[in-house]
Amino acid sequence: MRARRFSATATVLVLICLMYGITYVDRVNVSTAASVFQRDLRLTSVQVGLVFSAFAYPYLLFQVIGGWVSDRFGARLTLTVSAIIWAIATLSTGLVDSLATMLLARIMLGFGEGAAFPAATRAMSDWTIVQKRGFAQGITHSSARLGNALTPPLVVYLMALVTWRGSFIILGIISLAWAVAWVWYFRNDPGDHTDITTAELELLPNYALRKVRKKAPVPWLRLTRRMLPVTVVYFCYGWTLWLYLAWIPLFFLHSYQLDLKSSSLFSGGVFFAGVLGDALGGVVSDWILRKTADLNKARRNPVVVSYLCSVVSTLPIMFLHDLTWVTICLSFGFFFSELTIGPMWAIPMDIAPSFSGSASGLMNTGSALAAIVSPLVFGYVIDKTNNWTLPFLGSIALLFLGSIVALWMKPGETLVIPHMSTAVNAES
98 MRARRFSATA
108 TVLVLICLMY
118 GITYVDRVNV
128 STAASVFQRD
138 LRLTSVQVGL
148 VFSAFAYPYL
158 LFQVIGGWVS
168 DRFGARLTLT
178 VSAIIWAIAT
188 LSTGLVDSLA
198 TMLLARIMLG
208 FGEGAAFPAA
218 TRAMSDWTIV
228 QKRGFAQGIT
238 HSSARLGNAL
248 TPPLVVYLMA
258 LVTWRGSFII
268 LGIISLAWAV
278 AWVWYFRNDP
288 GDHTDITTAE
298 LELLPNYALR
308 KVRKKAPVPW
318 LRLTRRMLPV
328 TVVYFCYGWT
338 LWLYLAWIPL
348 FFLHSYQLDL
358 KSSSLFSGGV
368 FFAGVLGDAL
378 GGVVSDWILR
388 KTADLNKARR
398 NPVVVSYLCS
408 VVSTLPIMFL
418 HDLTWVTICL
428 SFGFFFSELT
438 IGPMWAIPMD
448 IAPSFSGSAS
458 GLMNTGSALA
468 AIVSPLVFGY
478 VIDKTNNWTL
488 PFLGSIALLF
498 LGSIVALWMK
508 PGETLVIPHM
518 STAVNAES
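Residue numbers (the working numbering): 98 to 525.
In short, the hints are calculated from the structure, not lab data.
Incorrect hints may appear among the rest.
Within a straight-line C-alpha distance of at most 20 Å, the following computed DMTMM-like cross-link-like pairs (lysine to aspartate or glutamate) qualify [said to hold, decoys possible]:
1. 229 - 480
2. 229 - 419
3. 394 - 510
Estimated spans, in silico, between C-beta atoms of each pair [stated by the list, open to error]:
4. 389 - 257: 50 to 60 Å
5. 415 - 181: 39 to 49 Å
6. 195 - 263: 16 to 26 Å
7. 483 - 421: 38 to 48 Å
8. 484 - 289: 48 to 58 Å
9. 260 - 300: 31 to 41 Å
10. 143 - 281: 40 to 50 Å
11. 494 - 366: 20 to 30 Å
12. 421 - 262: 26 to 36 Å
Virtual Cβ for every residue (Gly too), placed ideally from N, Cα, C.
Start from the sequences, fold in the hints, and give me the full structure.
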């Protein structure tokens with residue numbers, strides 16, 4: 098047999114990594130372009146904050162819906178349709194001529210991307226062994242942060258090449274290309290893939306047993322109760338995430354009077370720290386699981402410690418004014434907050450392996466809600482005080498709260514549905 102450079106499972110993981118990176122480029126490109134389209138469209142800081150947050154309304158709505166759809170119909174169809182929608186939305190952003198049309202494009206983007214991460218979790222739940230779930234979630238979200246890091250310089254380059262409108266059109270075409278690659282290569286059942294090997298299938302969860310989930314209704318009440326503390330903890334993380342994604346480029350631009358190019362480079366440096374945090378967090382979580390065989394220690398404990406480290410790292414920027422030291426503190430703060438992503442996104446697969454799409458959708462509503470509220474709050478605070486440092490106080494307080502609530506998360510206790518216990522036990 099001809100030797101293959103990549104296994105089927107590795108190729109699927111690479112495709113998902115590309116999707117995570119593309120979705121984040123498409124959702125945060127407005128942050129870099131904001132200083133230009135704000136002038137062209139004559140928007141206030143509050144209106145720019147509204148543009149940032151408009152994406153999050155449908156994004157919040159379609160977390161749970163998208164998770165359920167992916168559990169019911171599979172990740173292949175769900176992600177293909179989602180990618181086409183967010184690609185068209187990105188293309189449309191390059192054609193807007195007012196606040197209303199900009200908001201419409203961002204709402205469409207949120208609609209398309211709302212199902213993306215729950216559906217990807219559904220795919221990873223079927224294509225990843227239990228002992229590597231933390232790594233899989235960490236490396237995919239690391240790709241998202243790499244998208245964050247590359248977006249500022251990439252968008253600045255594209256803006257110089259084809260204007261800010263042309264940059265959105267090019268990025269939309271890239272999203273369409275990914276949708277074609279995904280529908281061509283991915284299969285919901287690993288056993289249906291022509292490139293899968295027997296050795297890989299023996300390590301993966303039994304897909305035939307997992308299809309029981311299609312016949313059983315999602316236990317929404319029990320699942321919501323189990324995921325509630327996870328959702329609250331993820332809201333605290335999401336508040337910090339959207340502070341960084343939406344306002345960091347403008348923070349450097351206005352607080353230190355940097356030009357657009359320099360601001361994008363400093364922003365990219367901070368976001369690159371998140372790339373390292375995501376990748377390392379998943380590896381550490383899986384390492385703890387191998388050493389202790391305790392999901393609570395492997396998933397929950399790294400979240401508590403990382404939140405507290407992020408608080409300690411971010412607090413000095415309230416008193417420092419040196420650009421270098423502020424950048425270092427922001428980078429460490431973002432690194433530690435992102436260190437939690439691998440373990441956090443593994444938790445839905447640990448708690449509800451047969452309903453991982455729905456469970457991850459419930460969890461990600463926390464971040465989606467934060468994405469709605471936080472940019473508006475930041476824009477209001479900045480308009481009223483002209484203090485670009487003040488919004489970080491909310492992030493510090495919520496991360497500390499999240500470190501306490503995280504103690505109520507119980508990833509080590511799988512949600513067992515009586516008539517599905519055989520399938521669940523087989524997966525575990």
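> Of the numbered hints stated previously, which ones are contradicted by the structure, given in increasing order?
Replying inline: 1, 2, 7, 9
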